[in-house]
Amino acid sequence: MAVLTYREALNRAMTEEMEKDPNIFLMGEEVGHYEGAYKVSQGMLAKFGEKRVIDTPISENGFAGVGIGAAMVGLRPIIEFMTWNFSLVAIDQIINSAAKMNYMSAGQFPIPIVFRGAGGAGGRLAAQHSQSFESWYAHIPGLKVLAPYTPADAYGLLKTSIRDNNPTIFIESEVLYGSKGEVPEGEFLIPMGKSDIKREGTQLTIISWSRALMYVLPAAEKLAKEGISVEVLDLRSIRPLDEEGILASVRKTNKVLIVEEGWNVAGFGAQVAYLIQKEAFDYLDSPIERITQEDVPMPYAANLEKSSLPSEEKIIKKVREMIQ
Amino acid sequence: MSQPKTKKETEDLLELYRQMLLIRRFEEASAKAYSMGKIGGFCHLYIGQEAVGVGAISALEQKDYIVSTYRDHGHALARGLEPKSLMAELYGKKTGIVSGNGGSMHFFDKKKNFMGGHGIVGGHISLAAGIAYASKYREDGAVTLCFFGEGAANIGSFHEGMNLAAIWKLPLVMICENNHYAMGTPEYRALSVKDVSVRATAYDIARDHIEGDEVRKVRDHVKVAVERARRGEGPTLMEISTYRFRGHSMSDPAKYRTKEELDKYKQGDPLIKAEKDLLSAGWAQEELTKMDETILKTVEESVDFAEKSEEPPLGWLYKHVYAENV
Ligand SMILES: Cc1ncc(C[n+]2csc(CCOP(=O)(O)OP(=O)(O)O)c2C)c(N)n1
Numbered sequence: 001m002a003v004l005t006y007r008e009a010l011n012r013a014m015t016e017e018m019e020k021d022p023n024i025f026l027m028g029e030e031v032g033h034y035e036g037a038y039k040v041s042q043g044m045l046a047k048f049g050e051k052r053v054i055d056t057p058i059s060e061n062g063f064a065g066v067g068i069g070a071a072m073v074g075l076r077p078i079i080e081f082m083t084w085n086f087s088l089v090a091i092d093q094i095i096n097s098a099a100k101m102n103y104m105s106a107g108q109f110p111i112p113i114v115f116r117g118a119g120g121a122g123g124r125l126a127a128q129h130s131q132s133f134e135s136w137y138a139h140i141p142g143l144k145v146l147a148p149y150t151p152a153d154a155y156g157l158l159k160t161s162i163r164d165n166n167p168t169i170f171i172e173s174e175v176l177y178g179s180k181g182e183v184p185e186g187e188f189l190i191p192m193g194k195s196d197i198k199r200e201g202t203q204l205t206i207i208s209w210s211r212a213l214m215y216v217l218p219a220a221e222k223l224a225k226e227g228i229s230v231e232v233l234d235l236r237s238i239r240p241l242d243e244e245g246i247l248a249s250v251r252k253t254n255k256v257l258i259v260e261e262g263w264n265v266a267g268f269g270a271q272v273a274y275l276i277q278k279e280a281f282d283y284l285d286s287p288i289e290r291i292t293q294e295d296v297p298m299p300y301a302a303n304l305e306k307s308s309l310p311s312e313e314k315i316i317k318k319v320r321e322m323i324q
Numbered sequence: 001m002s003q004p005k006t007k008k009e010t011e012d013l014l015e016l017y018r019q020m021l022l023i024r025r026f027e028e029a030s031a032k033a034y035s036m037g038k039i040g041g042f043c044h045l046y047i048g049q050e051a052v053g054v055g056a057i058s059a060l061e062q063k064d065y066i067v068s069t070y071r072d073h074g075h076a077l078a079r080g081l082e083p084k085s086l087m088a089e090l091y092g093k094k095t096g097i098v099s100g101n102g103g104s105m106h107f108f109d110k111k112k113n114f115m116g117g118h119g120i121v122g123g124h125i126s127l128a129a130g131i132a133y134a135s136k137y138r139e140d141g142a143v144t145l146c147f148f149g150e151g152a153a154n155i156g157s158f159h160e161g162m163n164l165a166a167i168w169k170l171p172l173v174m175i176c177e178n179n180h181y182a183m184g185t186p187e188y189r190a191l192s193v194k195d196v197s198v199r200a201t202a203y204d205i206a207r208d209h210i211e212g213d214e215v216r217k218v219r220d221h222v223k224v225a226v227e228r229a230r231r232g233e234g235p236t237l238m239e240i241s242t243y244r245f246r247g248h249s250m251s252d253p254a255k256y257r258t259k260e261e262l263d264k265y266k267q268g269d270p271l272i273k274a275e276k277d278l279l280s281a282g283w284a285q286e287e288l289t290k291m292d293e294t295i296l297k298t299v300e301e302s303v304d305f306a307e308k309s310e311e312p313p314l315g316w317l318y319k320h321v322y323a324e325n326v
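Note that the protein sequences, when read in sequence, are chains F and G.
First residue of the first sequence? That's 1 in UniProt numbering, and the numbers climb one at a time after it.
First residue of the second sequence? That's 1 in UniProt numbering, and the numbers climb one at a time after it.
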């Protein structure tokens, strides 16, 4: 089995898909000559040429629209947002055009497009460059939303997204690009709507996704040493959501903590909590808890930034309380 | 231009006149149905602007694409979409062009490369650039025609779409139908220029500006831009000056303009102009009246069809939220 970085896994997925299908192209700021702001598209310009790896001016709304228009007539664009923070400039196109086109044309114009790029918090990038938008996009029918944590998941889910006939919001984690993991040789796909148990446990389920798992998994490890058995469920796919997978784990452990990097108010974890109380209320031994980013724009100061985010310590403390 | 000289020219004008008249009668019928509460939502009429849509679209080939705004009835009819299915769409019936999912602002017809009515002002301009981009990518020789109002020329998407089309020399013709008002805002309160097409110079692309009251003149000018695009010489920004005789939408009494102004523009009604030209080229009044009667009948049939059609089944609510992965 090969060990790849998260960025290499993404690069491999795009490259393989583009080799197979000439309708696929990659477009965005700095994706070509610069080889990607985070070097995800390294080597791709040399391989596919300027026709298929296209540098754009800084005009997110414009090139998101170009991608959607091209998808209307059968091309399969991958649109890279340098980071998801800048996707807000294009949110009109994503919501009002991409997500609705198939519906309002009664199925005449599916939009097979992937919007992808770096998301998430951290790195002392402060308020405008350090935010998680999964909940925003998950709110919109017509979009699919993915947020992988491991290189293998990134590879398998990106390939699935590229082949999907719907607009996909593929949120990569900025701080995970260099992280390494085993990626099986040969091609494989991971279906959307399937969560993954990243760690088996019996006493409590932590539901999380993307880089928040960086805190969750070591916390679970430490708790195990104290004799507390935590199951860690990685959603990977926010929309569609693996309702069965979530409920199965809840029925097994009877306690749930949801850890997310985004804000609390109207955050996606609230939706997951609703689902659980609705469908598995009788299985719950205690109220569902959440740990989220604090209800503030991201501060710059290192200590404040750290204290605003979920952390190993917060998770351990909360789990201990819940297990009492 | 004005009067047609040969028989061929006369017959050509007659066909364009027929299309404009169909739009006029169709929209009068929709206005009536709207007032009776049969049509919901917004309903933006095209009355007064017919020569622009008909002239421009008649300059295209079947393989070319059209991207429209929420004022899309006229463009759709000019492209030959079925009046019946358009009227049924206005009524929200399952027989509508998008089976009741779209309504007035969202006509789409893939078979006719009619790429939609779009409801966000200017948002569709970059979509049009994308469709043109795909034509260039595939070298299919098609040109994309994008309509928008002068109000849309102030939104970011317009500028971004124009810049992208310019740097990539896309086969795109952008037609600003300047009807002088964006809802209730007159152009002089919203635009830094008197003629939107001068903004082309900022992007170093071709431009044109004409009055939009003569349908054949519109076609001739649009043709130049379409051919330029087809030759691979890039986009054109055109302003075609026109006027809407009704309010912005059916719910707008248009109190922001004077009766004198409206009367002045009605002198330039493109239908009356074409009619005069046909008459002085020797066409008989009775022929035109007969044509009108036939059109009225078509429109009546489409209303009847819409009235009698069923609403979409409730089970369709979730249909088409996502496309199938086949
Ligand atoms: C982004 C956006 N802002 C505002 C509106 C509301 N709105 C709908 S039409 C319109 C006026 C647009 O005028 P113009 O582009 O000149 O086109 P016209 O209606 O004259 O054909 C406005 C403000 C909208 N639909 N989208």
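Any given hint could be a false lead.
[To be verified] With a straight-line Cα cutoff of 25 Å, these simulated BS3-like cross-link-like pairs (lysine-lysine) come out:
no.	chain 1	residue 1	chain 2	residue 2
1	F	Lys-20	F	Lys-47
2	G	Lys-169	F	Lys-51
3	G	Lys-63	G	Lys-308
4	G	Lys-194	F	Lys-47
5	G	Lys-319	F	Lys-194
6	F	Lys-51	G	Lys-217
7	F	Lys-198	F	Lys-51
8	G	Lys-223	F	Lys-47
9	G	Lys-319	G	Lys-297
10	G	Lys-136	F	Lys-20
11	G	Lys-38	G	Lys-273
12	F	Lys-51	F	Lys-194
13	G	Lys-169	G	Lys-94
14	G	Lys-223	G	Lys-273
15	G	Lys-194	G	Lys-223
16	F	Lys-198	F	Lys-222
17	F	Lys-51	G	Lys-223
None of these hints come from the bench; they were simulated from the model.
Outcome of the hint check:
A threshold of 25 Å between alpha carbons decides the hint, and for Lys-20/F with Lys-47/F the separation of about 13 Å falls inside it, so the pair holds. With a C-alpha separation of about 13 Å, the suggested pairing of Lys-169/G with Lys-51/F holds against the 25 Å cut-off. Restraint check for Lys-63/G and Lys-308/G: the C-alpha separation of about 34 Å exceeds 25 Å, so the hint is violated. A distance of roughly 47 Å separates the Cα atoms of Lys-194/G and Lys-47/F; the hinted pair therefore is violated under the 25 Å criterion.
Taking the CA atoms of Lys-319/G and Lys-194/F, the gap is near 23 Å; set against the 25 Å cutoff, the hint holds. Between Lys-51/F and Lys-217/G, the direct Cα distance comes to roughly 37 Å. Violation of the 25 Å bound is thereby established for this hinted pair. Distance restraint check for Lys-198/F and Lys-51/F: the Cα-Cα separation of roughly 40 Å exceeds the 25 Å cut-off, and the hinted pair is therefore not satisfied. A threshold of 25 Å between alpha carbons decides the hint, and for Lys-223/G with Lys-47/F the separation of about 39 Å lies outside it, so the pair is violated.
Proposed proximity of Lys-319/G and Lys-297/G is contradicted: the alpha carbons are some 34 Å apart, above 25 Å. A hinted pair counts as satisfied when its Cα atoms are at most 25 Å apart, and Lys-136/G with Lys-20/F qualifies at roughly 21 Å. For a cut-off of 25 Å, the pair hint linking Lys-38/G to Lys-273/G is broken: about 33 Å separates their Cα positions. Restraint check for Lys-51/F and Lys-194/F: not satisfied, since their Cα atoms lie roughly 35 Å apart, outside the 25 Å limit.
In summary, the hint linking Lys-169/G to Lys-94/G is not supported, as the alpha carbons are separated by about 41 Å, beyond the 25 Å threshold. About 21 Å separates the Cα atoms of Lys-223/G and Lys-273/G, which keeps this hinted pair within 25 Å; it holds. With a C-alpha separation of about 24 Å, the suggested pair Lys-194/G and Lys-223/G falls inside the 25 Å cut-off, and the hint holds. Only pairs whose Cα atoms come within 25 Å are accepted, and Lys-198/F paired with Lys-222/F is accepted, the gap being roughly 15 Å.
For the suggested pair Lys-51/F and Lys-223/G, the alpha carbons sit about 28 Å apart, so the restraint of at most 25 Å is broken.
Going through the hint list in order, the structure does not satisfy hints 3, 4, 6, 7, 8, 9, 11, 12, 13, 17.
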